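Given chain A, put chains B and C in place with the hints provided.
Given next are the chains, with one letter for each unit.
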Amino acid sequence: MKNYLSIKDIDNLPGWVEEAKKLKQNPVTHKNLGAGKTLCLLFFNNSLRTRLSTQKAALNLGMEVMVMNFGNEGWILEYGDGTVMDQGNSEHVKEAAQVVSQYCDIVAIRAFAGLKDKAKDEAEEVLNGFATYASVPVVNMESSVGHPLQALADAITLSEQHPTKRPKIVLSWAPHPKALPHAVANSFVEMMRLQDAEFVITHPKGYELNPSITEGLTIEYDQKKACENADFIYVKNWSSYSDYGKVLHQNPDWMMTQEKLGGAKFMHCLPVRRNVIVADAVLDGAKSLVIEQANNRTFSAQVVLKKLLEQT
Amino acid sequence: MKNYLSIKDIDNLPGWVEEAKKLKQNPVTHKNLGAGKTLCLLFFNNSLRTRLSTQKAALNLGMEVMVMNFGNEGWILEYGDGTVMDQGNSEHVKEAAQVVSQYCDIVAIRAFAGLKDKAKDEAEEVLNGFATYASVPVVNMESSVGHPLQALADAITLSEQHPTKRPKIVLSWAPHPKALPHAVANSFVEMMRLQDAEFVITHPKGYELNPSITEGLTIEYDQKKACENADFIYVKNWSSYSDYGKVLHQNPDWMMTQEKLGGAKFMHCLPVRRNVIVADAVLDGAKSLVIEQANNRTFSAQVVLKKLLEQT
Amino acid sequence: MKNYLSIKDIDNLPGWVEEAKKLKQNPVTHKNLGAGKTLCLLFFNNSLRTRLSTQKAALNLGMEVMVMNFGNEGWILEYGDGTVMDQGNSEHVKEAAQVVSQYCDIVAIRAFAGLKDKAKDEAEEVLNGFATYASVPVVNMESSVGHPLQALADAITLSEQHPTKRPKIVLSWAPHPKALPHAVANSFVEMMRLQDAEFVITHPKGYELNPSITEGLTIEYDQKKACENADFIYVKNWSSYSDYGKVLHQNPDWMMTQEKLGGAKFMHCLPVRRNVIVADAVLDGAKSLVIEQANNRTFSAQVVLKKLLEQT
Numbered sequence: 000m001k002n003y004l005s006i007k008d009i010d011n012l013p014g015w016v017e018e019a020k021k022l023k024q025n026p027v028t029h030k031n032l033g034a035g036k037t038l039c040l041l042f043f044n045n046s047l048r049t050r051l052s053t054q055k056a057a058l059n060l061g062m063e064v065m066v067m068n069f070g071n072e073g074w075i076l077e078y079g080d081g082t083v084m085d086q087g088n089s090e091h092v093k094e095a096a097q098v099v100s101q102y103c104d105i106v107a108i109r110a111f112a113g114l115k116d117k118a119k120d121e122a123e124e125v126l127n128g129f130a131t132y133a134s135v136p137v138v139n140m141e142s143s144v145g146h147p148l149q150a151l152a153d154a155i156t157l158s159e160q161h162p163t164k165r166p167k168i169v170l171s172w173a174p175h176p177k178a179l180p181h182a183v184a185n186s187f188v189e190m191m192r193l194q195d196a197e198f199v200i201t202h203p204k205g206y207e208l209n210p211s212i213t214e215g216l217t218i219e220y221d222q223k224k225a226c227e228n229a230d231f232i233y234v235k236n237w238s239s240y241s242d243y244g245k246v247l248h249q250n251p252d253w254m255m256t257q258e259k260l261g262g263a264k265f266m267h268c269l270p271v272r273r274n275v276i277v278a279d280a281v282l283d284g285a286k287s288l289v290i291e292q293a294n295n296r297t298f299s300a301q302v303v304l305k306k307l308l309e310q311t
Numbered sequence: 000m001k002n003y004l005s006i007k008d009i010d011n012l013p014g015w016v017e018e019a020k021k022l023k024q025n026p027v028t029h030k031n032l033g034a035g036k037t038l039c040l041l042f043f044n045n046s047l048r049t050r051l052s053t054q055k056a057a058l059n060l061g062m063e064v065m066v067m068n069f070g071n072e073g074w075i076l077e078y079g080d081g082t083v084m085d086q087g088n089s090e091h092v093k094e095a096a097q098v099v100s101q102y103c104d105i106v107a108i109r110a111f112a113g114l115k116d117k118a119k120d121e122a123e124e125v126l127n128g129f130a131t132y133a134s135v136p137v138v139n140m141e142s143s144v145g146h147p148l149q150a151l152a153d154a155i156t157l158s159e160q161h162p163t164k165r166p167k168i169v170l171s172w173a174p175h176p177k178a179l180p181h182a183v184a185n186s187f188v189e190m191m192r193l194q195d196a197e198f199v200i201t202h203p204k205g206y207e208l209n210p211s212i213t214e215g216l217t218i219e220y221d222q223k224k225a226c227e228n229a230d231f232i233y234v235k236n237w238s239s240y241s242d243y244g245k246v247l248h249q250n251p252d253w254m255m256t257q258e259k260l261g262g263a264k265f266m267h268c269l270p271v272r273r274n275v276i277v278a279d280a281v282l283d284g285a286k287s288l289v290i291e292q293a294n295n296r297t298f299s300a301q302v303v304l305k306k307l308l309e310q311t
Numbered sequence: 000m001k002n003y004l005s006i007k008d009i010d011n012l013p014g015w016v017e018e019a020k021k022l023k024q025n026p027v028t029h030k031n032l033g034a035g036k037t038l039c040l041l042f043f044n045n046s047l048r049t050r051l052s053t054q055k056a057a058l059n060l061g062m063e064v065m066v067m068n069f070g071n072e073g074w075i076l077e078y079g080d081g082t083v084m085d086q087g088n089s090e091h092v093k094e095a096a097q098v099v100s101q102y103c104d105i106v107a108i109r110a111f112a113g114l115k116d117k118a119k120d121e122a123e124e125v126l127n128g129f130a131t132y133a134s135v136p137v138v139n140m141e142s143s144v145g146h147p148l149q150a151l152a153d154a155i156t157l158s159e160q161h162p163t164k165r166p167k168i169v170l171s172w173a174p175h176p177k178a179l180p181h182a183v184a185n186s187f188v189e190m191m192r193l194q195d196a197e198f199v200i201t202h203p204k205g206y207e208l209n210p211s212i213t214e215g216l217t218i219e220y221d222q223k224k225a226c227e228n229a230d231f232i233y234v235k236n237w238s239s240y241s242d243y244g245k246v247l248h249q250n251p252d253w254m255m256t257q258e259k260l261g262g263a264k265f266m267h268c269l270p271v272r273r274n275v276i277v278a279d280a281v282l283d284g285a286k287s288l289v290i291e292q293a294n295n296r297t298f299s300a301q302v303v304l305k306k307l308l309e310q311t
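Chains as they are written, first to last, in numbering that gives the first Met the number 0: chain A, 0 to 311; chain B, 0 to 311; chain C, 0 to 311.
Just chain A, with the same shape it has in the complex:
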């Protein structure tokens, strides 16, 4: 593994999940592995869980951490090839990525989708720019099209619930006032392809995810029907993919309720809008796994950093 850019970089999901669960039992076992090594976190967007859990994971491994917010602390980057840089952008990602590589052993990057230009978002110019030019491993802390640290944490959370039978897992769209990216949903779907489970995606018409990601998977437009007899319901909003980045509607009927949840466990990556995405009763109830998902972000990051450190 050169980098951790997407779920596709996981060579053995069950093995990684087991390793993460072991790290969780004794987080500082490998405190010497990262000694003298430095992780640099570069944020082009806001973050709470990712910011803190990735730092914590690095500290557990004995690494030093340097955190930088590119927006207000660094320079505006240019990504184009051959550009005459006489406008607002001060530095090319070619230099930025090579330079950062001089000061750290692993670089982790968060850069959300802009949701205005599908081709540009799918080109992943920030993440791929760094992955192309950095001379150290690059970790995706949520990019335009994927959030593989979250999906790996979700896999750990699912595994900890050790369902006794092959579980039914539903990914359900829910309403939200703002246009949100597809990254979390995309990586969850990719991770689900590596799980032995009955997997159903449900959303209103018009909210289909990128068809190349959902190809061959079950899509059920009736949310209630999709949720019947589910063991886990993962709720998440995303904006339209076909009418790219648009909020087509915020139909409140799609909010997750106790009734729809039934006997299933509730999952969400957070932050979550209460009583818009999910009713208070669900989020505050015993079936909610959201805090454990957040907790597992540390061990998801830690297993990734550990694997990258082991091969250097």
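Every clue listed holds true.
Given that identical chains are not distinguished, each listed pair holds provided it fits within a single copy or across any two copies.
Below, computed lysine-lysine pairings styled on PhoX-like, alpha-carbon distance capped at 25 Å:
1. 36 to 20
2. 1 to 119
3. 36 to 21
4. 93 to 23
5. 36 to 23
6. 177 to 93
7. 286 to 93
8. 306 to 36
9. 21 to 164
10. 117 to 177
11. 119 to 177
Please keep in mind that the hints were generated in silico from the structure rather than gathered at the bench. Computed from a predicted structure; not experimentally measured.
This is chains B and C only, laid out in the frame that chain A set:
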């Protein structure tokens, strides 16, 4: 002590002050106490002294520190119960507090009074929100109504001057162009209730502090008279409490001068407006304790963190 | 050396360069030197290389690091003597510098030229304010008129190329859409005075640097002629000094090209505007030393910190 939210959480002020003074003599004696433990500092407002001294205190104890500015780095929090979160706020403090608790062993929070809505400020929604939902101890780095790390540092500073007699200590209002919170004054008053001293509060009419905090204490509206024969004069601006958050006037006669100071020592929590709050001659003179007060912020934080670490 | 404020604080450039090159071969040799010591980085302006490389240097020496952005995290500082601080500035540098000195062992400061008021910029109020009032050593991370950590890194880079003969080194102006400070050019010139080299400065008329800095040096207004047979060409934009802070023109003929570079090595401090300052072919070519210059920023900072730590 579950949390350090206010002066009321100090069970034995003289004991804490003595412990802080011992830590000051050898700050790294307890370097092992915090090994493998992480402090998370969450700032909802600007900070210089608190930001650096609290970090330094944690490093002295061997802790790791993660610093986060909620404003521009995290998500806008919601505090209400049962709110339909379809407006600007992205995450509820219920989740934020539980999530942060997954990544650290102690969380410290700065969230100033907004000075627009007295009831809201007195509800301390940020500090109390975290204290209610966090599963780790919470430390107040200045909230709407209190700044107990400052008042503890002030107690250390007073003690270091070891007055030979029961001292006369004055808390004097001074003018300021902007509306400032009451937190520093409130906590100083609460701390003074635990001191064996003659304590006088002086301010112009209309600038009375919350009467439930000053109940039974001496208020003298004539500043010169209040300052006569004082051993320590603590100067601080605050906005009106009765006409909540308003600057009623900026009467320059209330600026602290050499003449009014007399033989007393000058105290202020900083930052301070020169020649508005206090004359240059006082601040630059031998009677000023402000830098020592700032220095003691480290040991005030360190004694609090030490006590919280010892009971985990 | 009390502080590292300018190239003039280097007592023996060849000795420092050799020491830096040794640190580069084994960066953690002196890991114990900084144990229990804290470096505080104060940024009044953006930074990528300086932010990360100075942290890395400190970590290599075993120091703890606290990073603070004064702009959005702290208070707006006042620098004037005797000012009545009833306007926007909340804290005087006198207090800020003394206070920060309570929490760290070395303080490093970045504060760019405003380019509006020459006298104010040349007074270096931020850097000199801290140097005057701090009780710990102060390091210049680029001030109004100098960037001595960069120039020291440049000296290391030049030395690593070990030219077999006395080299010809050219400092060439290049166009840029925005008004940039003179700090990098100034410190490079000052450092060149300590080198055994043929040194030529080239720029269009009107872009003369501060004559007190270039006094006695060769200035050639014909860029092509200046670059003939050069071994190293250091390219950098700066705004006019005589018509202070103005962009007189952005003549694209002054961009560095393969043709003008000839057999010379290309140097630039970064960030650099591609195809404005320098053609892609030069920057991406084998003659470019820019990434190695960035790498040497770590060891330039490390040798400075090491010397400051050794004398405390």
